[in-house]
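Using the sequences and the hints, build the whole thing.
These are the residues of each chain, in order.
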Amino acid sequence: MDASRVVELALSLGAEYAEVREERLIRTEITGSDEISVSARSTGGFGVRVLAGGSWGFVSVNSPKDLEWAVEKAVKLAQVSKGNVKLADVKPARDRVRSGMRVKPPEVPLDEKVEAVKELLNALPEASRKAVKYSDFSGIKRLITSEGTEIEWELSGISLEANLAVSSSGRSSWLFGLTGSVERGFEAFDDMRERVLTEIQGQMKCFLHGKRPRLRDVPVLLSPYFAGMIAHEALGHLAEADELPNTPLAEKLGERIAPEFVGLSDGNVEDGHGNDLYDDEGVPVKKVEILKDGVFNEPLVDRERAYLLGIEPNGRARAESYAFEPMVRMRNTYFEPGDWTFEELLEEVKLGYYLVSAGPGQTGLDSSFTAGVMEGYVIRNGEIAEPILGATASGRALDALSGIRGMGKELDFENSYCGKGQIVRVSIGGPHVLFERGIRVV
Amino acid sequence: MEREVYRLREKRIGVSLERNLRPFARVREFTAVRLVENGKVGSALAEGRDEGEALRLARETLRFSREEDYELPSGCRARWNRTFEANVEDIAGELSALADELGEEDISLSGTVELITRRFSVESTAGADVDGAYSLVKVWLEVGGKVPFQLSGGFASWTGLRPLVEPYLGLVGAPGEVKPPKGSVEGVMAPVSLYPLLLGAVLWKFRGSTAVKAPEMVAKEGESIASPLVTLLDDPRDEGSLRYVKADDEGVKAGRNVLIDAGVARGLLWDSYTAWKAGRESTGNGIRIGERIFDGPHNMTLAPGRKGLDALIGEVERGFLALGVRGANTLDPTTGDFSVVVTPALVIERGEIKGFSRFELRGNVWQLLKNTTGVGKELARIWLDEGLSLSLPFLRTEVIV
Chain A
81 MDASRVVELA LSLGAEYAEV REERLIRTEI TGSDEISVSA RSTGGFGVRV LAGGSWGFVS
141 VNSPKDLEWA VEKAVKLAQV SKGNVKLADV KPARDRVRSG MRVKPPEVPL DEKVEAVKEL
201 LNALPEASRK AVKYSDFSGI KRLITSEGTE IEWELSGISL EANLAVSSSG RSSWLFGLTG
261 SVERGFEAFD DMRERVLTEI QGQMKCFLHG KRPRLRDVPV LLSPYFAGMI AHEALGHLAE
321 ADELPNTPLA EKLGERIAPE FVGLSDGNVE DGHGNDLYDD EGVPVKKVEI LKDGVFNEPL
381 VDRERAYLLG IEPNGRARAE SYAFEPMVRM RNTYFEPGDW TFEELLEEVK LGYYLVSAGP
441 GQTGLDSSFT AGVMEGYVIR NGEIAEPILG ATASGRALDA LSGIRGMGKE LDFENSYCGK
501 GQIVRVSIGG PHVLFERGIR VV
Chain B
485 MEREVYRLRE KRIGVSLERN LRPFARVREF TAVRLVENGK VGSALAEGRD EGEALRLARE
545 TLRFSREEDY ELPSGCRARW NRTFEANVED IAGELSALAD ELGEEDISLS GTVELITRRF
605 SVESTAGADV DGAYSLVKVW LEVGGKVPFQ LSGGFASWTG LRPLVEPYLG LVGAPGEVKP
665 PKGSVEGVMA PVSLYPLLLG AVLWKFRGST AVKAPEMVAK EGESIASPLV TLLDDPRDEG
725 SLRYVKADDE GVKAGRNVLI DAGVARGLLW DSYTAWKAGR ESTGNGIRIG ERIFDGPHNM
785 TLAPGRKGLD ALIGEVERGF LALGVRGANT LDPTTGDFSV VVTPALVIER GEIKGFSRFE
845 LRGNVWQLLK NTTGVGKELA RIWLDEGLSL SLPFLRTEVI V
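Quick mapping for you: the protein sequence lines, in order, are chains A and B.
So the number in the numbering used here is just where the residue sits in the first sequence, counting from 1, plus 80.
So the number in the numbering used here is just where the residue sits in the second sequence, counting from 1, plus 484.
Mixed in with the good hints there might be a few duds.
To be verified - Here are the computed lysine-lysine pairs in the DSBU-like style, where the Cα-Cα straight-line distance is at most 35 Å:
| hint | chain 1 | residue 1 | chain 2 | residue 2 |
| --- | --- | --- | --- | --- |
| 1 | A | Lys213 | B | Lys761 |
| 2 | A | Lys221 | B | Lys495 |
| 3 | B | Lys861 | A | Lys500 |
Hints in this document: simulated from the structure, not taken from any laboratory.
Below, the structure is given as structure tokens:
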């Protein structure tokens, strides 16, 4: 069965709305450690989502031969319960979205990619174990809806990561660097390699020379990446409309929750990992000013939540792949820049911390966060001093917002991933942010 | 040329509850091919039923492999079928009824319940002839209210949701927030808070690949590594195992593999390639994640003890019950060191739950196992989407808060 016939069949079976997403990708993965390992993967299939009787039904399959079964099953599943789902109106879109990459993954011989992995591996500092992983994908995605939307995307992406197991003086640690792009192709590989190397070198310095943090309740200057982690993990998730009712931001739309100079946005940024023209419901991606002048201004929504909240859809329905239903997700979430230079922010701190790189951590829907500090330093008299090691930064972001002293004027982003049942690409970043209080480093 | 063909068909049918019921079905099929030619190994995967595409891709990767004299493992012949059915209407009905019941007590409920049926086969020129199937129910729930917590669980048959949820609901009727315990106390770790700490540390210490790459860090046979109350094994043939297999993903016979016996380190987990590197035999622990094979457990099991949850709590003078931990991904698997936030923690005094709290806990996984003072008699089953399962009881241990 042809994908375009799917929506017709679904409507004939009683669906009010139907969509089918098709995806076909070729993926390559190269890992380099003691040896080089290359593997390849061809993925693809169809995701069929229908709305019938106010309830969703979703089915994914790999083969076009199973599409008819998928449609019938999706309609039956939607009929399992009676619901009240309604969708905010959108104008149907017909478009072809082309990749912005100059040198796309399939245009680069496998041998060249293998050599690039070897070069990065050799450039990494000495370690008891080190590994580099390069992966790329390329292919297409199509969305067809019963409302007349027909969009085809050309998809491409590159990801590069390195991890090192290091040990010294009876201590051991894992160092980790990750970057990637869906807009810059192999032409940007050197830049990606340098980013990963810089990240690893900073972490290595702290591992070798850092000491456990001893200061209590001091100001903390966050790098763009560290501040972005808090913007995304501890604040952004609260503004996702499916999470919103269970968070302290529920019922706070239009209320001031931060100082007037604090803005938090989610949108397309330069080389953003979460960039797109349309979401997986075919809605154009808008910049969302989550916090505007300190006021909770707009949540992130899909069409279902936009209708519920009575706002315009803003293009935040994203699915990991054809095999998953779209759900409300961030793209590139960041604090809006202020007017401080990095040097001015640094000079403001007599005694405090500069946190550069965040390690693994976890957050709660009450905006609490805990994150390991992979690279961090003490600040003394406005200057970066000794490195710290084994530190954890924690706090409650909504409380900490009132402790913001200043925001940097320059934005920087790192391309990363977000997991919320499904993994999607996001950028983490923004400006440097100085917190006078609210972040505890132990 | 040697060739191994692995085919998987995984069907998931279930319901998510998030404001509304959202039923779904996902069918994923793939064929993975591994080739060995002139000592070089190539591997690839193609979603769908196109074995030819997988073969083509695998051939492309062959030339990058190091030339070695590795050969595919001698496979076994195995057949089994532990599949069962569950009606999506029944799952939806039960989830909905539970949500309504909790709602009356002002407790919200969201989550996903799904029936997963996996059918896979392995055929190889080295003699593997495997065709097996198993079903499981995977449950993930987020329970709101005064003491919000998450529950992961699973069943090897459809028994409804109540057996999983009920032991916890009685616990969270705690009176209110109280101060966290301080100093040397006993902590009862619920399976859902235990596994994120245990898994990474155990995998590092008991995988054959660690023995090959960092031999100084692998568990040494005969070494006292945990309390005598602790026995840890991999048991894919346990009837209650969510991953129920008689052969691994390379077609090698899989069975019980004891890693820690009454506190003493015993065996390791070996797939065929890592075993070949170490000059050993596979233990039937080749686990396929995508196109790659890893040495890992099928169903990592902490053997149950004799104590019910009431006894585990009732014997605590001062301590807590950890219903969840945050930040477990900060665990250093090589050392077992962790720094987490225990939340929610139910604070216990003189055998009774006094209220809930939240606090930081720094420690070491191996120290937790050495200081174990009690092991629960019921196993909770947990499914990880990489295709592994865990069987864990409540575990009580001494910690410093």
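Hint by hint, here is what the structure shows:
1. Lys213/A - Lys761/B: Cα-Cα ~22 Å, so holds.
2. Lys221/A - Lys495/B: Holds, because 23 Å separates the two Cα atoms, which is no more than 35 Å.
3. Lys861/B - Lys500/A: holds (33 Å)
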